[in-house]
Structures are given as structure tokens and as C-alpha cells.
Amino acid sequence: GENVEQHPSTLSVQEGDSAVIKCTYSDSASNYFPWYKQELGKRPQLIIDIRSNVGEKKDQRIAVTLNKTAKHFSLHITETQPEDSAVYFCAAEGGKETSGSRLTFGEGTQLTVNP
Amino acid sequence: NAGVTQTPKFRILKIGQSMTLQCAQDMNHNYMYWYRQDPGMGLKLIYYSVGAGITDKGEVPNGYNVSRSTTEDFPLRLELAAPSQTSVYFCASSWPQGEAFFGQGTRLTVV
Chain A
1 GENVEQHPST LSVQEGDSAV IKCTYSDSAS NYFPWYKQEL GKRPQLIIDI RSNVGEKKDQ
61 RIAVTLNKTA KHFSLHITET QPEDSAVYFC AAEGGKETSG SRLTFGEGTQ LTVNP
Chain B
1 NAGVTQTPKF RILKIGQSMT LQCAQDMNHN YMYWYRQDPG MGLKLIYYSV GAGITDKGEV
61 PNGYNVSRST TEDFPLRLEL AAPSQTSVYF CASSWPQGEA FFGQGTRLTV V
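One line per chain: the protein sequences are A and B, in this order. In terms of this note's numbering, the first sequence opens at residue 1 and continues consecutively. In terms of this note's numbering, the second sequence opens at residue 1 and continues consecutively.
By construction, these hints were calculated from the structure, which means they are not laboratory data. Each hint should be verified, as a subset may be incorrect.
Subject to a maximum C-alpha distance of 20 Å in a straight line, what follows is the list of computed EDC-like cross-link-like pairs (lysine to aspartate or glutamate) [what the hints assert, rightly or not]:
1. B/Lys9 x B/Asp26
2. A/Lys22 x A/Asp49
3. B/Lys44 x A/Glu39
4. A/Lys37 x B/Asp38
5. B/Lys44 x A/Asp27
6. B/Lys44 x A/Glu56
7. A/Lys42 x B/Glu99
8. B/Lys57 x A/Glu79
9. B/Lys57 x B/Asp26
10. A/Lys57 x B/Asp73
11. A/Lys71 x A/Glu39
12. A/Lys58 x A/Asp27
13. A/Lys22 x A/Asp84
14. A/Lys37 x B/Glu99
15. B/Lys9 x A/Asp84
16. B/Lys57 x B/Asp73
17. A/Lys42 x A/Asp27
18. A/Lys68 x A/Asp49
19. A/Lys58 x B/Asp56
20. A/Lys42 x B/Asp38
The task is simple: from the sequences and hints, build the whole structure.
Structural data, given as C-alpha cells:
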């Protein structure tokens with residue numbers, strides 16, 4: 001099945017700086033890579049996603065890049081703000097034949113943006 | 001549009017008791033998932049389903065069971081509760097390669 005590794009586990013930045021979170025996956029048939037934000041005590045919510053036919057996607061201050069050859073993808077947050085502080089999870093949806101199309105999450109990154 | 005509805009929100013169980021966590025979605029999604037999240041940790045997949053009548057084990061299925069008799073409902077059964085099952089449980093649903101919508105979570109404590 002799919003295995004997703006996420007780094008770093010904690011990240012502290014100053015307001016206005018950029019933050020980068022990286023993930024690797026194991027199933028070469030995986031083709032959908034979402035990122036979720038989870039605020040304390042709340043449910044995870046999708047912030048951006050990318051599919052295997054796209055190398056990069058941007059939505060205002062958030063961007064995701066995908067390198068299918070190397071099997072890794074990254075989340076980039078620019079001009080960070082205190083409200084960006086949360087736990088961020090990457091995920092990969094495995095190939096139907098290899099991982100049963102299940103959505104597997106990384107371990108999460110606790111991002112803290114210091115004012 | 002309610003999205004994904006989980007019940008109950010909180011529950012305290014005694015060791016050895018059983019219970020069912022309910023999950024219902026009204027978006028006609030094929031895929032449904034059950035995850036558990038221990039404090040400060042990530043989301044571990046317990047069971048998932050790609051359609052009515054089809055279920056499969058995730059990473060941590062031991063001590064749990066599921067059924068998917070309809071597209072809308074995906075209950076999670078805990079048999080013989082153990083302290084190790086103390087966790088927050090999230091149900092989610094999605095289309096293939098689509099956004100997963102999560103329920104509000106069930107905070108379960110086994111004492």
C-alpha cells in the first residue's frame with residue numbers, strides 16, 4: 001500500500017517569512033495529492049490539491065509542486081500570517097490496483113507563525 | 001447541505017463495552033473513510049469503502065469493524081473497547097481524486 005512521509009514535523013517562522021513542507025510517497029501509481037489544514041480542535045479542511053498531470057499549482061499565498069519522477073511534493077506558503085498557524089497534512093490517493101484508491105496521510109507538520 | 005455528519009460528538013466507554021460510531025454523508029460520494037487521530041498525531045486509516053457493499057482494511061483495523069449497506073452510511077463498530085482505542089475518530093467522504101470532506105469528529109475515551 002501507499003506510504004507517505006512528511007517533513008518537518010514542526011516548523012516555526014516569523015510572520016511574513018515563507019514556509020515549506022515536503023512529502024514523499026511510495027506508490028508510483030498515486031495520482032492525487034491534496035493538502036489539508038487542521039486548526040486546533042477542528043476537522044481537517046482542504047487548502048489545495050494537485051493531480052499527476054500538473055507540476056505546480058498556485059492559489060494566492062499557497063502553492064504546491066509535484067515531482068512524479070522523484071515521488072515527492074511540497075507545500076509553499078508565502079507571506080505567512082499568524083492565522084496560518086495550524087497542523088498541515090499532505091496526503092496521496094493510491095493507485096486503484098496497487099493501493100486500492102485509499103487516501104493516505106502524512107504525519108503532519110505543526111506550523112507556528114510568530115508575530 | 002449537511003455534508004458529513006458524525007454521531008456522537010463525545011463518548012466515554014468502559015473497558016470491554018461496545019459501541020457504533022455513526023457516519024452519514026449527503027453528497028452521494030463513492031468513497032468513505034474512517035480515521036483515528038491520537039493527540040498530537042496524524043490521521044491513521046482504520047477502514048475505507050469505495051462503494052456500497054465494498055469495504056477494505058486500512059493501516060489500523062484491529063478492534064474495529066465496518067459495513068456499507070448504502071451509499072450514505074458508513075458506521076464503525078468497536079467491539080470490546082480497550083484504552084488504546086481512546087482517540088478522536090473522523091469519518092470522511094469523497095469522489096475519486098476529489099476533496100475529502102470530514103465530519104466534526106467523535107472524541108472517544110475508554111476507561
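Hint check results:
no. : hint              : in the structure
1   : B/Lys9 x B/Asp26  : 19 Å, holds
2   : A/Lys22 x A/Asp49 : 14 Å, holds
3   : B/Lys44 x A/Glu39 : 18 Å, holds
4   : A/Lys37 x B/Asp38 : 17 Å, holds
5   : B/Lys44 x A/Asp27 : 17 Å, holds
6   : B/Lys44 x A/Glu56 : 27 Å, violated
7   : A/Lys42 x B/Glu99 : 17 Å, holds
8   : B/Lys57 x A/Glu79 : 41 Å, violated
9   : B/Lys57 x B/Asp26 : 23 Å, violated
10  : A/Lys57 x B/Asp73 : 34 Å, violated
11  : A/Lys71 x A/Glu39 : 28 Å, violated
12  : A/Lys58 x A/Asp27 : 24 Å, violated
13  : A/Lys22 x A/Asp84 : 17 Å, holds
14  : A/Lys37 x B/Glu99 : 13 Å, holds
15  : B/Lys9 x A/Asp84  : 26 Å, violated
16  : B/Lys57 x B/Asp73 : 17 Å, holds
17  : A/Lys42 x A/Asp27 : 29 Å, violated
18  : A/Lys68 x A/Asp49 : 14 Å, holds
19  : A/Lys58 x B/Asp56 : 34 Å, violated
20  : A/Lys42 x B/Asp38 : 14 Å, holds
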